[in-house]
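A.B. asks: Using the sequences and the hints, build the whole thing.
Read top to bottom, the protein sequences are chains S and C. The numbers in my numbering rise by one with no breaks, and the one at position 22 of the first sequence is 22. The numbers in my numbering rise by one with no breaks, and the one at position 147 of the second sequence is 147.
Among the hints, erroneous ones may be present.
As the list claims (entries may be wrong) - Cβ pair distances, simulated, as ranges:
no., chain 1, residue 1, chain 2, residue 2, range
1, C, Thr85, S, Gly260, 37 to 45 Å
2, C, Val68, S, Thr140, 32 to 40 Å
3, C, Leu71, S, Pro138, 31 to 39 Å
4, S, Arg144, C, Thr108, 53 to 61 Å
5, C, Gly100, S, Thr140, 42 to 50 Å
6, C, Leu152, S, Leu214, 18 to 26 Å
7, C, Thr88, S, Gly234, 34 to 42 Å
8, S, Pro274, C, Glu145, 29 to 37 Å
9, C, Leu76, S, Asp492, 53 to 61 Å
10, S, Ile327, C, Thr108, 25 to 33 Å
11, C, Val102, S, Ala21, 37 to 45 Å
No lab work stands behind these hints, which were simulated from the structure alone. Everything numeric in this text was worked out from a predicted model, so none of it was measured. Just so it is clear, CB atoms sit at the ideal spot from N, CA and C, and this is done for glycine as well.
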Amino acid sequence: MIAVHGSVLAQEIEIESPNIAYSAIYPILIVFGVALVGVLVEAFAPRPRRYVVQTVLAAAGLGLAFVGTVLVAGDLPETQNGLARGGIEAEGALAVDGPTLFIWGAILLLSFFSVLLFAERRLESGVTAFAGQAAALPGTEAEREASTRGLEHTEVFPLMLFAVGGMMLFPASNDLLTMFVALEVLSFPLYLLCGLARRRRLLSQEAAVKYFLLGAFASGFFLYGIALVYGYAGTVTLAGIDGAITNRVGGDGLLLAGIGLMAVGLLFKIGAAPFHAWTPDVYQGAPTAVTGFMAACTKVAAFGALLRVFYVAFGGAQWNWMPMMWIVAALTMGVGCVLTLTQTDVKRMLAYSSIAHAGFLLTGFVGVQAATRDSDDMTSLVAVMFYLLAYGFTTLGAFAVVTVVRDSSGEATHLSRWAGLGKQSPVLAGVFALFMLAFLGLPATSGFMAKWAVFTSAWAGDAQLLVIIAVLASVITAFVYIRVIVLMFFADPVGEGPTVAMPSVLTVVTIAAGVVVTVALGVAPQPVLDLAHQAGEFVR
Amino acid sequence: MSVVGLLFLLMGAMAVGSALLVVTTARLVHSALWLVVTLGALAGCYLLLGAEFVAWVQILIYVGAVVVLLLFALMLTRAPTGVQTGLTTGNRVVAAATAGVVGLVLVTVVVAGFGGARVSVDEESVGSATSMGDAIFRHWVLPFEVLSVLLLAALVGAIVLSRGRASSGEETP
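C.D. replies: Dropping the structure here:
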């Protein structure tokens with residue numbers, strides 16, 4: 001009886017295939033596809049060829065995905081009375097709209113240059129900066145053998161592409177479930193990459209374990225927050241949650257707890273205080289190429305997701321989460337600035353500086369300034385997206401500079417070793433000084449335009465007090481950045497002083513890209529601001 | 001109370017009771033075996049709710065695969081199988097309180113969010129193979145596929161971190 005029933009069912013049910021517009025989401029598919037090909041290369045290509053194949057594959061894939069993003073951006077339909085462009089794709093899982101595509105473009109460009117840093121081989125005399133054999137315990141015979149045989153892990157390229165794919169999904173997710181999956185996809189490879197440094201392996205492994213444990217903890221908070229919001233709204237789609245906030249009476253406790261817990265997960269990824277404790281240790285321990293990649297790309301992706309969740313889903317409860325974000329922004333700037341002052345290690349200093357920048361970005365995020373039709377006001381979205389692009393290139397360039405200042409034990413990250421760098425290599429020290437000035441926000445650098453954009457939108461969005469705090473914080477951090485510049489140019493080298501290793505063209509191109517973007521966005525920011533402005537608001 | 005309701009209560013009590021035993025028993029192997037009872041009782045709950053597909057998947061994957069994997073891990077790592085005294089630490093009170101509060105909040109959420117919802121058990125509306133397939137491979141197809149990418153990334157990472165290469169000159173392609 002059952003069997004007969006089953007066969008009848010099989011004939012009757014017509015399977016509807018999911019409705020997926022590949023023409024809108026193919027940049028993500030390219031990145032994931034290339035990552036999968038990379039895994040196959042690991043399995044089938046002979047070992048000596050893997051490095052070249054993987055590097056070319058990863059760079060080409062990211063370049064292709066960027067071209068795809070530009071093409072997709074070319075024919076986005078207008079919606080919401082011309083306020084937004086784009087649509088909801090992949091059965092409601094992804095929102096491919098202007099801001100998504102801007103963020104995709106930023107992530108793909110930054111990760112393209114990160115691949116070049118990953119592939120740098122000349123600095124470690126012929127091998128990449130990743131561990132030769134991660135499974136070998138530090139200081140053992142197996143490790144020495146791996147290093148004499150010149151082994152290297154080329155798996156880092158597919159892993160990094162998986163992370164990039166997750167980063168692209170994260171800010172594009174249109175429901176909380178997809179967002180959680182994307183968060184895991186972007187985090188997991190990063191945990192692994194952090195532990196794969198060739199030098200100072202214990203520090204690197206400690207960083208990976210710390211990042212993994214705290215990250216898993218933050219993911220737990222995020223998931224619990226999703227559960228609470230689901231209980232409140234009865235749906236996980238962002239538009240549905242927005243509808244529930246507008247229409248539902250009562251149950252605000254659930255919503256507020258949900259928002260708070262989800263904020264913990266997102267603010268952790270951004271590195272905002274008080275969830276910043278992992279940042280310095282992980283930034284210091286991870287291979288510097290990975291640190292640059294994380295500092296630039298993770299921040300872009302996480303801020304994209306934060307903006308989407310809070311503006312689209314929780315926009316109706318703005319007055320409830322605003323005070324919390326106010327405090328977080330002020331605290332983040334305070335912690336970032338004050339602790340930057342006390343650092344003696346370049347990578348830790350850049351880490352705390354990234355915390356301070358997260359605070360500046362949050363200032364733009366808190367002063368919500370929504371778009372109105374036919375106005376050229378600086379909206380929060382435009383300001384934050386511009387800031388992310390500018391900061392991403394500057395910080396990636398700064399970490400690239402860190403990889404070439406070396407002594408006999410690898411990278412010379414202690415600040416005292418940087419004394420007199422200006423005499424040793426005026427060009428490199430000049431470049432680093434430029435990045436420092438951009439962090440500081442000196443006019444004619446991208447940092448100034450970025451801060452100006454964020455502060456303008458926040459001021460217009462009634463966050464004047466926060467802007468004042470931010471300006472004060474900028475003044476405090478100026479001390480640090482100028483101290484580094486003084487140290488490089490006017491201090492005498494200690495002992496032998498640092499040596500500047502000549503990197504291959506890969507690192508040079510990355511540093512050059514950082515310089516070009518930092519100067520270009522400072523001198524002529526208007527095209528990029530226009531681009532961000534054209535992107536419009538999030539689709540709902 | 002109907003027979004189904006009574007059975008559901010029994011199954012629920014069984015799941016909670018055996019779950020408590022999982023964390024309180026002093027033998028690791030017993031703990032794994034009590035987990036079989038917990039997961040089996042949960043599968044029973046699903047079955048009573050009309051979600052027969054979820055119930056069988058629960059049996060196949062959790063009871064059949066996860067617990068067996070756990071037992072294999074215990075066996076292969078030569079973990080002590082006898083009575084262990086030092087397993088529960090002084091934190092147990094705090095841990096139990098935290099677990100209790102977390103559970104309480106989740107129950108509150110479910111009641112507050114879906115307390116008024118009524119689903120007829122007689123109709124195969126949720127949890128059947130048809131509705132599950134429809135949900136996973138239509139509406140949630142993208143997150144579902146991305147999850148497989150996540151698993152692949154984790155697998156690659158695990159191999160990178162754990163696999164030592166042969167110390168002789170033999171190269172594996």
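A.B. asks: A separate judgement is required for each hint: does it hold in the structure or not?
C.D. replies: The hints, checked one at a time:
1. Checked against the hint of 37 to 45 Å, the pair Thr85 of chain C and Gly260 of chain S passes, with Cβ atoms roughly 40 Å apart.
2. Separation of Val68 of chain C from Thr140 of chain S is about 34 Å and conforms to the stated range, judged on CB atoms against 32 to 40 Å.
3. For the pair Leu71 of chain C and Pro138 of chain S, the supplied restraint of 31 to 39 Å holds, since their beta-carbon distance comes to about 33 Å.
4. In this structure the hint that Arg144 of chain S and Thr108 of chain C lie 53 to 61 Å apart at CB holds, the actual value being about 58 Å.
5. Under the hint 42 to 50 Å, the C-beta atoms of Gly100 of chain C and Thr140 of chain S, about 46 Å apart, fit the expected range.
6. Checked against the hint of 18 to 26 Å, the pair Leu152 of chain C and Leu214 of chain S passes, with Cβ atoms roughly 24 Å apart.
7. Against the hinted window of 34 to 42 Å, the Cβ-Cβ separation of Thr88 of chain C and Gly234 of chain S comes to about 39 Å, which satisfies the hint.
8. Against the hinted window of 29 to 37 Å, the Cβ-Cβ separation of Pro274 of chain S and Glu145 of chain C comes to about 36 Å, which satisfies the hint.
9. Range check, Leu76 of chain C to Asp492 of chain S: about 60 Å between beta-carbon atoms, so the 53 to 61 Å window is met.
10. Look at Ile327 of chain S against Thr108 of chain C: about 27 Å separates their beta carbons, and that is inside 25 to 33 Å.
11. The given range of 37 to 45 Å is respected by Val102 of chain C and Ala21 of chain S, whose C-beta atoms sit roughly 40 Å from each other.
Of the numbered hints listed earlier, not one is contradicted by the structure.
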